[in-house]
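Residue numbers (this note's numbering), protein chains in the order written: chain A, 1 to 235; chain B, 1001 to 1551.
It is worth saying that the hints were derived from the structure and are not from the lab.
There could be a bad hint or two in this list.
Distance condition first, Cα-Cα at most 16 Å in a straight line; then the derived EDC-like pairs of lysine to aspartate or glutamate [said to hold, decoys possible]: (1) K1193(B) with E1033(B); (2) K62(A) with E1519(B); (3) K62(A) with E1522(B); (4) K1099(B) with E1113(B).
To give an idea of the chain A side of the interface with chain B (calculated C-beta under 7 Å), a few residues [claimed, not checked]: (5) W34; (6) V87; (7) R122; (8) R170; (9) N181.
Even glycine gets a Cβ: it sits at the ideal position worked out from N, Cα and C.
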Amino acid sequence: MSTSDQLTVTVDGVELQVAPGTTVLQAAKRAEAWIPTLCFDDRQAPFGACRVCMVAVQGAPKPLPACTTPCRDQMVIDTDDATSRRVATAVVELVVSELPQAPDPHTELGQIAERLEVTDTRWPGDTHHEGHDFRHPYLAFQHELCISCGRCVRACDEVQGAFALTATGRGFESNVTAGLNAGFEDSTCVSCGACADTCPTDAITEITLLDGVVRERSRNGNDPGRRKRRRIASE
Amino acid sequence: MSQNVVELIRRHHGVQAPSALEVLKEAVEDHGELTDDDRRRAAEVSGMPEAAVYGVSTFYDDLLVHRGERHVRVCSGTACFAATGDEHVRAIESELGVKLGERSPDGTVSLVETVCLGFCHSSPAVRDGETIDAGPGMVARVRDAGCVAAAEPPWRSLLASPVLTVAGEWAGLRRALTELGPDALLEQVEAAKVRGRGGAGFPAGTKWRFTKQAANPEKFIVANGDEGDPGSYIDKYLMEQNPNLLLEGLALAGFAVGARHGFVLTRSEYPLSKPALDEAIARAREDGWLGADILGSGFDFEVTIIEGAGSYVVGEETALLACLQGLRGTVSARPPFPAERGAFNRPTVVNNVETLCNMGFIAAHGADAYAALSPDTETNGSKLVCFNERFVSPTVYEVPFGMSVRELCEDVAGGLRDGRSIKALQIGGPLGGILPASKLDTAFDFDALAAEGCMVGHGSILAFDDQTDMREVATHLLRFGAHESCGKCFPCRIGLRRAHDEFASDQRVQRERFEQLLEALELGSLCAHGGGIPAPMRSLLAHFPDELDLT
Chain A
1 MSTSDQLTVT
11 VDGVELQVAP
21 GTTVLQAAKR
31 AEAWIPTLCF
41 DDRQAPFGAC
51 RVCMVAVQGA
61 PKPLPACTTP
71 CRDQMVIDTD
81 DATSRRVATA
91 VVELVVSELP
101 QAPDPHTELG
111 QIAERLEVTD
121 TRWPGDTHHE
131 GHDFRHPYLA
141 FQHELCISCG
151 RCVRACDEVQ
161 GAFALTATGR
171 GFESNVTAGL
181 NAGFEDSTCV
191 SCGACADTCP
201 TDAITEITLL
211 DGVVRERSRN
221 GNDPGRRKRR
231 RIASE
Chain B
1001 MSQNVVELIR
1011 RHHGVQAPSA
1021 LEVLKEAVED
1031 HGELTDDDRR
1041 RAAEVSGMPE
1051 AAVYGVSTFY
1061 DDLLVHRGER
1071 HVRVCSGTAC
1081 FAATGDEHVR
1091 AIESELGVKL
1101 GERSPDGTVS
1111 LVETVCLGFC
1121 HSSPAVRDGE
1131 TIDAGPGMVA
1141 RVRDAGCVAA
1151 AEPPWRSLLA
1161 SPVLTVAGEW
1171 AGLRRALTEL
1181 GPDALLEQVE
1191 AAKVRGRGGA
1201 GFPAGTKWRF
1211 TKQAANPEKF
1221 IVANGDEGDP
1231 GSYIDKYLME
1241 QNPNLLLEGL
1251 ALAGFAVGAR
1261 HGFVLTRSEY
1271 PLSKPALDEA
1281 IARAREDGWL
1291 GADILGSGFD
1301 FEVTIIEGAG
1311 SYVVGEETAL
1321 LACLQGLRGT
1331 VSARPPFPAE
1341 RGAFNRPTVV
1351 NNVETLCNMG
1361 FIAAHGADAY
1371 AALSPDTETN
1381 GSKLVCFNER
1391 FVSPTVYEVP
1401 FGMSVRELCE
1411 DVAGGLRDGR
1421 SIKALQIGGP
1431 LGGILPASKL
1441 DTAFDFDALA
1451 AEGCMVGHGS
1461 ILAFDDQTDM
1471 REVATHLLRF
1481 GAHESCGKCF
1491 PCRIGLRRAH
1501 DEFASDQRVQ
1511 RERFEQLLEA
1521 LELGSLCAHG
1531 GGIPAPMRSL
1541 LAHFPDELDL
1551 T
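Starting from the given sequences, assemble the full structure and let the hints guide the process.
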């Protein structure tokens, strides 16, 4: 170990000191290196599900996930490694393939897809079943947009402590639901909005007063503007 | 795995509350399908939030079915596939008049597929109610509602002094408690270099050492009895025919690392495992080998058997711990490793059943005697291997490491029956590479198999005969892979479904795109499931490209 209790790591050629327990992703952020993430939210414990934050670590036989890998002293990290980026791009292409429509450009998923230049998918096939929960006054859930990143479930558990959400199903049929699958309204949801705030795809959105107006206008055939609201209005 | 939910469970566990999964399993046994009232009750008694219980109820195969008065489970594991090409599945659907996953409108009969019943020596297999039937005439017996329990061939040992295939007599635990003490025991286990027998081959002594060093004084030992690998029935034999050996291994691990409680997670596809172990525990307690103050040593040790509910990935250690606590059997990223934070957030040793069954011998005879069991190779100890129904003499055999695969297939198991020849073998389970007949002279050992893209894995040796269509093999393995994906990591969750759909179609497979997908699975997956399915796919691409219809 270098000085005191600090670890020395190098991210894309930049050397920095980090405290023990720092993850590779945290170190990379401090070095201002960009690593794509989908299941990560710095308010939550790392989850390691999306596998798009892969990076190369010198001496490691294969790419490692930045979010769940702790820094070691003298670690040399390459966030722009071609193999890691190829895996991330392949995964984002798969994610795009499970959605019934291209991700909205303003969402985290949309932005990462754009930056990784995933404009389309070569994987035709089933997309998620459409399923909507629009009964709650403040929260709307469009299950077909869910990519099972688990951020909403963890926000509800770790941030709010309401335990109103759960992952459901298995494999490709995985999704998220509230309570006993009867919607937010019939769950222990406290309407805090932490789930909508963290959702990277707009599967869960907050309904604002304006949305009510938009919905009303939509019924009259007017263009509601932003796509996220248009999808809600289409119900 | 939510640390908050685990903490809620831990508090309830402390007062002997059943897990949510146990409550849900009982409800299905009782009235055939789950209701929201069942879920609410499971939440109440287990301490889990209702939403989390709902998540559990949608994860496990056993909880998803709507059972009829007669519930039939047909095995679609790889040995059964190798025997009939799944013809037995279609025939049973036709005879019963219900499709897989359905219950007849009048509620009299329901049919599901299951992987796998561990009767790979007598494929094809079926479980009709509580009876497991297998072999020729099985479909007709299902049709006539006259299933009979299939026999299980006795195991055999090639060793002059068998280790795993003779009944455990607790000599190792006696010596550990009265002569060695915990530190010398751990040193012997480390010196014996016992490699995990469940697939990964990780040194067991290292896991024990890490757990012993972990700060929390409350620790657990967990035996991974979730031998889900289709084609393997080794741990089944050990748990059902030699349970003392496993209980002794658990107690030794507990003594070495300072744990007072062990668990075995068994499979619901092996309905005889839990009763056999429970009976052995009762006997061991009577005889003073389990319980308080064993042999007057001051060492207390208890063992609890928990049965799963139908999920292959639960064989992965973090998913196993989730299942043990009644949670969804999804994989968690490591670190933290179980040795640091495992069952109930406590330091935990997770060892495969066969791995633990080696410990009695090491404690009784020492590391040198253990190394001498396989004189021709670096790998120590003996290994159980098992063969599928295509062979003349399929059963479980105890063998030394280092024999050639050919010797095992031809001399030990007698070659293939009915004049058939071996086209290829899948060794060690569905995540193992496929060894073509031209490579049968490969040594049966960790490194030699790895060099061919294969693995020792669980030790199953499964033959595909000369009439097998290798594209169908690929489709079969991908179907299993996609169905069993826990859904946590993205490459496995989506990628295996896409790969399966492409192979199952009548289209040519786009090789470049498929190989890019394999890379994303190999390098990106969270666990060995998504990371391992590419191994047999790579073998098929290397050895049977012409049969895959590639473009």
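Structure-based check of all given hints:
Proximity of K1193(B) to E1033(B) is assessed by CA-CA distance (about 47 Å); at most 16 Å being required, the pair is judged violated. A distance of roughly 11 Å separates the Cα atoms of K62(A) and E1519(B); the hinted pair therefore holds under the 16 Å criterion. For the proposed pair K62(A) and E1522(B), the alpha carbon gap of about 9 Å is at most 16 Å, so the pair holds. Among the hinted pairs, K1099(B) with E1113(B) is consistent with the structure: their alpha-carbon atoms are about 10 Å apart, no more than 16 Å.
For the restraint placing W34(A) at the interface with chain B, the shortest Cβ-Cβ distance is roughly 18 Å, beyond the 7 Å limit, so the hint is violated. Interface hint status for V87(A): upheld, as the beta-carbon distance to the closest one in chain B is roughly 5 Å, under 7 Å. Nearest Cβ of chain B to the Cβ of R122(A): about 6 Å, under the 7 Å cut. The hint holds. A distance limit of 7 Å between C-beta atoms decides the matter here; for R170(A) the minimum to chain B is near 5 Å, and the interface restraint holds.
The interface hint given for N181(A) holds, since its Cβ lies 6 Å from the closest Cβ of chain B, which is under the 7 Å cut-off.
Of the numbered hints stated above, those contradicted by the structure are hints 1 and 5, listed in ascending order.
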